[in-house]
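S.K.: Heads up: the sequence lines are chains A and B, in that order.
My numbering applies: residue 1 is where the first sequence begins, and numbers increase by one.
My numbering applies: residue 1 is where the second sequence begins, and numbers increase by one.
Be careful, since some hints might not be right.
Unchecked claim - Cut-off 30 Å, straight-line C-alpha distance, at most; resulting in silico cross-link-like pairs (DSS-like, lysine-lysine): (1) B:Lys10 / A:Lys453; (2) B:Lys28 / A:Lys277; (3) A:Lys636 / B:Lys150; (4) B:Lys122 / B:Lys53; (5) B:Lys122 / A:Lys756; (6) A:Lys7 / A:Lys453; (7) A:Lys122 / B:Lys28; (8) B:Lys6 / A:Lys638; (9) B:Lys6 / B:Lys28; (10) A:Lys142 / A:Lys632; (11) A:Lys16 / B:Lys6; (12) B:Lys10 / A:Lys118.
Please keep in mind that the hints were generated in silico from the structure rather than gathered at the bench.
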Amino acid sequence: METKEYKVVGRSMPKKDATQLLLGKPVYTDDITPDDALVVKLLRSPHANAVVSEIQTAVAKRIPGIVDIFTWEDVPKNRFAIAGQTYPEPSPYDRLILDRHIRFVGEPVAIIAAENEKAARKAMKLIKVKYEVLEAVLDFRKAKDHPVLVHPEDDWFPPCEVGGDNRRNLVASGENHDGDVEAVLSDCDVVIEHTYHTKAFDQAMMETFRTYTEFDRYGRLHVVSSTQIVFHCRRILSNALGIPKNRIRVEKPRIGGGFGAKQTAVSEVYPAFVTMKTGRPAKIIFTREESHIAGSPRHEMEITLRLGASRDGTIRAIDLYTLSNSGAYGEHGPTTVGLSGHKSIPMYTGSLEAFRFSYDVVYSNTLAAGAYRGYGATQGIFAVESAVNELSEKLGMDPTEIRLKNMVREGMVMPAYYGETANACALDRCLAHCREMFEWDKKYPVRDMGNGKVRCAGVAMAMQGSGISNVDVGSATIKLTEDGGYILMIGAADMGTGCDTILAQMAAESLGCDVDKISVFGADTDASPYDSGSYASSTTYITGKAVENACEKLKKEICAIGAEIIGCSAEEIQFDGGEVIHLPTGKKIPLSDIAYKCQCFSERTAEATASHSSPVSPPPYMVGMVEIELDKLTGKVKIIDYMAVVDCGIPINPALARIQAEGGIVQGIGHTLYENLTFMENGGLIEKDLMQYKIPTRLDMGKLTVEFEHSHEPTGPFGAKSIGEIVINTPAPALAHAIYRATGVWHRELPITPEKIVFGEE
Amino acid sequence: MNIRLKLNGKMISEDIAPDLLLIDFVRKHGCKSVKRGCETANCGLCTVLLNGKPVLSCSVLAARADGQEIFTLEGLQEEASEFISFIANQGADQCGFCNPGFVMNTIALLRENPDPTDDEIKSFLSGNLCRCSGYEGQLRGIRDFLDSRKGGDR
């Protein structure tokens, strides 16, 4: 492994916005936009599948304070997708701002623009809607080729060919394989075959969806939104409203958490439409309930897996079929499903002779799913890692041994991962490190505590990617200020992850200066260079490399300006970060002279922009181990210790990397043990607030310990890979494993609640 | 109806609607640190001090604050500044949206119990949800602050 001494990279330091955030300064969408903007509220459907036969707004419009009310009759008829993805989007164009055909409980049927919240709420009660209620497809297992079509419309349009067909309720379908999986499976001593089920878990970011819109001083649509994807947002609004992209400016202030939810333009179109219609500033703030019933949660998946092995524990074949529920709309449907196979199967590249991965993504009349940290890998890894644990228990082998025997190792070509090579892979070291730190040999055996409680342990591995190969574009602009500081302008979105800070660390490393010299600005479609946005674990790896490249370009430019000052060739000038030096004479030029030179009789500018894209998506790897105490009487699972070792390449800021890991693990604990979604008969969601949708509190997660094993990714900036998503993937399989050890029952559906444990439901 | 109260040390007298919530009252008066994270008194983001005691301002009528004293984080910047750098050093601020409520409740904790154990910290702050940090970093930050106050640098 290449080891380099870095001055700024690899050091823990506070986030650049930390003081502002911790002192509660006004930095979020609702804090920085006018209080007197029009209040935008949405009247939502109580039916899962219905056609609006009549909608009367005249009475509601007479309420004092009501400015206007819009229905399906008022909106443009061009379909669009709200998924924040690179054009041409894999997600189908299947939405209207308001559709006459209602496809899930909670879908908007009217947009209310009011002077105040009270008037808006009153109007919601006085709008009269007559629905023609249709049979709904609520069970996603029956959706494919169901006689009831979720999207029967003729103008349904897929910008990409992804195997979808709206006449079959199919968003996407596909298959890929390597080797003859049936032949290998039939030759295996043991085949583990099961179906695993995960739900449409909610990101539950603390700040719900929200957007402010106004016409700016040029009469353009100015959008301030809590979004991870300013540039995609601009395109989506242009498609939805039918206005040119240069007439739209989208910026994000600080974001109160995203986790992928805000990789979809969930709230933007409504106030934008109101501003277009009324000419007035408008603001929508989703309630927590709206965020739950009409947000953009994880895709519910049912994964059917066949895993074949020989008696000595060699894993020889994996056949994985995923049925994914995209819900009422298709955003992120075709892509999330891919990760369920592509980011689970390759972990066993070490021994695998054949694999097959096939999938169907279906429409149903449930809430539309979207992007959520892990993005399909979480679901696939729950299935694959559970099956590997079951195999080890069946063979009487230690589950860490069986993994060491089969896992992917550095230098291997991964046929199940687009044929990419694992150039940086410390998965084996992660496992050894975690096993030692956790004291696996001591904690793995089931220990009866003598009070109806047992203690035991479970394990899982995980991988993810670093950006979307051949697609994602990250960019950075770096500018010198007159006193030798820098402004780093990015289009990536810090949603609490700390990317502004780690990108500044990379810039400081490149430019040989202190990180305080780098100020970060982002993200704004008018000012930032184009960036796909922050998702798919791309920012450190993709945008980071763009930052490094932009800084290299700027250094060259600074040398050229220095040469102009001295009157020599640029080759005689050296800039190592601190000072600009004329090598033959040793004369030093202060950076302020360079900057001022560009401001007086100059055709040069001390700034540089670089874009970066990657043909590969190097996976980070990790191992998680959990020790639980299970109460056999109540089924309660108490987490004693959760330990994990992560290989994210070189961590740029170890403190922030650790927090990412800890936060992801706790989110994973939540969806494994408590977070649940159940639907009423009409398709309405029961857990629609934080009273019923239980996310972990600080009393629920035991003790967390996260450490790192470094690898050096040759294509990454300073050897870095990603960390944001992988960290949510180990809790479900590790906890299911530990619960099996305690009870003898494998739970293959999440969440694994105390009720299920007590009653031994699988 | 008219209420008179002290907000961050400043007397305010104002006619309000009887159903106005305290969170909306203080935000209207520029206290934007007070955040709404749910509507069901579950998240702790809207924590303010009412006569020194932490309350959820989403679940208190502004009318209830009549004649009382309210503090939001805007009025306790100095007290917060004593310990927030320790949270920042852990990177545990993350998205920051839960920070004001968490910081307010930490202030309340430290006033009531200047030397809490880890279990006491977790228990006191259990109503303050955070979806980003996994809580461990917040605990490490508070622990580091308490240790530094004792003069030890661990």
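S.K.: Enumerate the violated hints, using their earlier numbering and listing them in ascending order.
M.R.: 1, 3, 6, 8, 10 and 11
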